[in-house]
Amino acid sequence: MRDKLAMVAALLATFAGVGLLAAIPKMHVPPPPVTKPPVEKTLVCPGGLGETTAWGGADGGFSSAQLGGDITQSQPLKGSKLTTPLVLTGENDLVAGVQVRKGSASGWSDCLAPRTSGVLQVINPAATELLLINPDEVQAIADVTLWGEKGLIQTPGSRGIVLAPHTQRVVPISVLAGVATPVGIGVTTSAGRVAMVASSWTATSGDLAEPAAPALTQVLPGVAEGASAVQIVVTNPGTQRASVNVTAHGPTATYSPEGGQKLQVEPGSTRLIDLTSALQGERATLLADSDQPIVASVIATRGADHANATDVAPSRQLAAVVPAAGVLQVTNLADVDQTITVEAKSSGGGSVAPTRQDVRAGATWQLKLPTTDKESLRVTVTADKPVVAAVTTSAATGTTIAPLRAVGTDDEGGGEIRVDPELR
Amino acid sequence: MPDPDQPSSPSRAERLASAWAWAHNPAAVPDPSRIDPATVVAVMVVHNAEEWLPRQLVALARLEPRPGTILVVDNGSTDGSPALLDKALAEGVIDDLIAGSAAQGFGAAVAQALTGRDVPEWLWLLHDDSEPKRAALGRLLQGAETQDADVIAPKLLEPKRRNYPDQVQEIGQSISSRGRRVLTVEPGDIDQAQADSTRTLGASTAGLLIRGEVWSELGGLDPALPLYRDGVEFGWRANLSGFKVITWPAASLYHRQAGRAAWRITHLSDDPDIVDRVAAMRLVAAHAERPGPAQSGLVLNSLGRSLGMLLGKSPGAAWGELVALRRFLGSKDATRDLRARVSGLPRAQAEQVAALRPGRFGGVSHALDRMASAVAERYRDLTTDDSDTGIDDLTGDDFAGGRNTRRFASPVVVMTVVLIVFGLLAGRGFLGASVSGGALLPAPGSLTDAWRAYVTPDVTMPGTNAPWLLLAALASTVTLGQPWLLVVLGSVLAPVLAGWAMVSLLRRLVSSTLIWGVLGLVWGMTVVAMGLLGVGSVTGITASIALPHFVRSVLVWRERPQVGAERWRAPAAAAGWTIVLTAVLPLFWVLALAGAIVWAVIERARIAELATSVALSGLFFIGWVPRLVAHPMRLFTGIDPLAYPDTAPSMAGLMFGRINPAHPDRWVSVTFFGVLWLAFAVAMVFGVLTRRVQAILLGCVGLGMALAALISRLAVTVSGGVARPDVSVWMLIAFGTMVVSIALSLREDAETGSLDGRLNKAVAAGLTLASLVTMGWFTVFGTAAATHDRPTLLPSYAHDVQRTARASRALMIEVNGASVRWMVTSATQPQWGTAERNPTSPSPGIADRYAGLASSLSQGSISDQLAADLTELGVSHVWIRGIDADRIAAISNVVGLTRAAADDATNVWTVTGLVSRARVVTGEGVTPVADGLVPPGSGERKLVLAEAPDARWRATLNGTELEPAADQPLQTFVLRPEPGRVEWHLQPSWLALTWQVLLVAVLTVLAAPVAQSGAQARRAREE
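Sequence lines, in order, name chains A and B. Reading the first sequence from the start, the letters are residues 1 to 424 in the working numbering. Reading the second sequence from the start, the letters are residues 10001 to 11023 in the working numbering.
Just chain A, same shape as in the assembly (with noise of 0.2 Å):
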């Protein structure tokens, strides 16, 4: 008996045995780090919109070509009058974008990356052109389709839009779609790809509009302070309700603006909202989740020009090239608090000493930055959370809202890739 007890102590202290190597944690080597080539990015600056001036740069330089012109290594834009379209050739740190005035009024746009298709949305489609730019070696053909309030905006002439390489094509939305209510221009390619904006312009106002591409969520920084008016326009190319709430990430906490919550969208239409009352004035940045994808733009009207904001992609490294002063906003999405550092660099060779400042989770903080004069200004946001980020101008030339944009590598494709023999 003794044995018998003897040898079943022995196998549990097998048993135990096991366990406790088994509970060793499974050591993790990462595998050995991928050498990514440089990540070449092509933008496409719209010019000829008026009085159009580029901003933009790349710590590790770039270079740049009239449409259909010949490549040049480019110096940093700041403040270069564009009459055609430049093409910029650079690695993930390049960002640029183009300002362009008409009277009182200011727009702002990136220099956008050719794409197959995209979203773009104006309040004033009557005062609209929508540019399209072919920066390819291929010709390029182009859908156009408009959704309205009321949904689908039948456009005769807008299918098949032919882009012959290097050219651009200007569609006249205010005559496709001659209504003074907002509409989404969706915009897609059946051979290459376009770059595509919209201008909008009044008497008293303008715009630049971005492409965006249908998602469950759009992340719209840039609400400056004491904006008079903020608005949100949604539109759902879908073939069903979009029922849309609208989060607001305000000075200290994130809060859900009144009127923003449930908003339904029908199939294929495009709707304004007003949150005017319930933001108050402070600044934010605005996060519309729906139920089906849709696209959303905000736009913020200080003195009597208004300035727009599309999605943007949080990141943990974001730059913006801007031509003169402005307010920084940053908006912390993490759960949790965070600090940021900020870096402006004017292309000039002046720099200010980096900022660090704590963010509490969901807060939206600002940063007035310092004034250049005929220099551009290179801001850069680094967290160790996503962040967003806009930088607002307003002035008597009008108002702008320029979005930082994501420049750090690690951010750039995002998941894991790993070599599978199972691949054949």
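Any given hint could be a false lead.
As the list claims (entries may be wrong) - For lysine to any residue, the following SDA-like pairs were computed, each having C-alpha atoms within a straight-line distance of at most 20 Å:
| hint | chain 1 | residue 1 | chain 2 | residue 2 |
| --- | --- | --- | --- | --- |
| 1 | B | Lys10942 | B | Gly10913 |
| 2 | A | Lys26 | B | Gly10913 |
| 3 | A | Lys26 | B | Pro10645 |
Said to hold, decoys possible - Here's a subset of chain A near chain B, in silico, CB distances under 7 Å, partners left out:
| hint | residue |
| --- | --- |
| 4 | Arg2 |
| 5 | Lys4 |
| 6 | Ala6 |
| 7 | Leu11 |
| 8 | Asp291 |
| 9 | Arg424 |
What the hints contain is simulated information worked out from the structure, not anything from laboratory work. Virtual Cβ for every residue (Gly too), placed ideally from N, Cα, C.
Given chain A's structure and the hints, the job is docking chain B onto it.
Just chain B now, with coordinates in the frame of chain A:
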């Protein structure tokens, strides 16, 4: 109640007795022949036969009928034979005693005995060791009369053994064209009066009855063959002369073969095997129609036999064969004389005589017969309860029986059938030419590719490729030269092969076929339940088969100390299995070394054997050592480590065999391994094993599980990547020990009864039921979880290009949300061995470039240099699945790429310009070598391969080697201006292969049974 007046029906015992009466009444006197026995003169030749002569004389005295005269020639005996013969003469057992000479042969002695006498009507030749049965002469005369025969050969039996049936030694004999003695019966067959009388070429002279006229006409036995083969030669001449030579099995003698067994050394026979071989060669050469070719054939055959003996670890016998050849060639006069005598004979009967000799393929037929016999014997072993622990067995008696129970359906046969049927049903996913997935990479396309996968080293990597590739190539050669067939057969038959391996081990330990069958089934299902088949773990499958064999060879080694060459057999077998196991898990050799050291400390007499075994197995891998030194963590991993799934099992996972993604449902694992653990616990707690055995078994289980647990935590860096070790071998050691423990426990119960019988049965029933449940689950859901028939995803037009002289590659990328999988494929990648290093390329630099391209393409961030980069790397096609339209457009926008949609989610871009693995680069441009031909050129030009530089690269232009160019990022050769065919290859590891083949040959020779000379074999039978 039976009526006493009526004849009662015979009882079963009586019927049996009647049926076997012939066996129990061997001395029954035959019906009298009309040939008067008195007309028979028997001549017996005696030489130094003191040991067996008394039995011979007694047999002569008991003859019924007796011959008319018995003459004895004493050929100069120096022992007690003359005294025995004098006594026999005095007692009238023999009629005359003639003094012969030790220098004369059998034929000469018979001639001497007949000198001065009338030619007898019948002559009966007797050896001094050929004990005739009582009725032998009467039956021979009966045969002579009824068959009207001239020469009658009796049945010769092995010496009589008490309580054992008679065994047939010979009933007539013939001779092959190479001198091999050809018998009409298998020596050792039980005598059941199964043979009928037939015509024969000749026979031993022992007991040969010859018509006197024939003896006289043919001149007796030929003096050229003084001792052996003389009876065959005489019969051959008699046949040629038209006399009738027959066998007459009804007459029999016990023949000791004292001369051929070398029980006595005579003046004429220093070595009976040599004398016999010389006689055989002389006989064949003299009777051959074309002496020249016959003699050449005999010489070649003799050299071959000698080599065979040498390989059979019998250098003495090999030397003896050479001595026989020398004597044969040095005694051409004797051969010539014999030939002269033969040539004078009529040839009318030549055709009939030829029919009495074996045909051209008689040797092959004989070998096949022996092989079939060996298979039948092995089958009998598997299907019969045959205790190997009886006293007879321990004393080495060949005729030992022990308990012997033959079942209608042996459990081992049932196990075999069940596992084979299960393998076919559950392994249905393996039936295809492109089985891969999990840890199993695709098989090479051909046998040549399989061998090339081993002998062609990986670029930039030191040493040879992993030696398991050599074993795989060898195995592929066996499977009709089809590597894919090896995969299919290996997968489907893995359970039954593992089951057989366990049965083979258990046969050394226990004697019950029921235990063999049940635990063989359990072991076969262990392989399946651990998911080794489903995940394609060649390491685990191989270990499940090799481990039991390894343990068995160690047990044989330990249990049966041998002497002479025989002592190397078990160490060599253990070394062979060590090689197999080390090939799939290099750490095993380290363990074997440690075990050998411990054993050597315990038993110093084994040091030489242990050192030889470990050294031979280690030397097999000597060419691989540089790579192991460069990547030492490879010791811990199984084969193709970078293809093995990244899994680290929990404690429950280890306990229940859930160590990889191909495990069955949880309840199946718990059922099967739970019952196994329970049976093991019962065996350990209630079994009657000694404490020492218990400690060893429990230690092995604990060690196996502990190593599995520890090693499963590791993530090791091997060549070009990070791998998770395959712990299946350690798990198999633990589970295998449990199976053995259960077997030992059950055996103890069967023989001592100290374990409760119901518990015993419950254990067996539980294990069987758990195996059947597991089997049912896998039969329904299949074993091919990760591994199954997977054709390439590449469109055929892209796949075909890879197999042309361009030998291009394809970059394949699959994007699934944030996850990106990618691979570089070619005609030989992926395949066996390509996950021994970075699966995309053995060169870190090139692999890094591929990774960068894959990353960029998956993100759609494209460089204008993309097409140029792909061309430089020999990538002709880019296959991408799962990217959005923007990225598709971005890639399509690159100059030099042409897109084609493969399906809704997949696009294939072809790099324009006939991308090839080799390019000709000149100052004016780059030309791909599309068809293996280069055009004429002028000025400086180079042949650039899409490969990393390596000193082992070789390239030729029209067969002439090209000079490599130094300091180039890719392997480059200076190309001469003339046009022609270029070929390039990496220098194969022929030296390593030769070394390994030699080692395998040495191991095979050592492990093979020791070849014995005829005399040794006969002595062994007698002893």
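**Asked** Which numbered hints turn out to be false for this structure?
**Response** Result: hints 2, 4, 6, 8 break, sorted rising.
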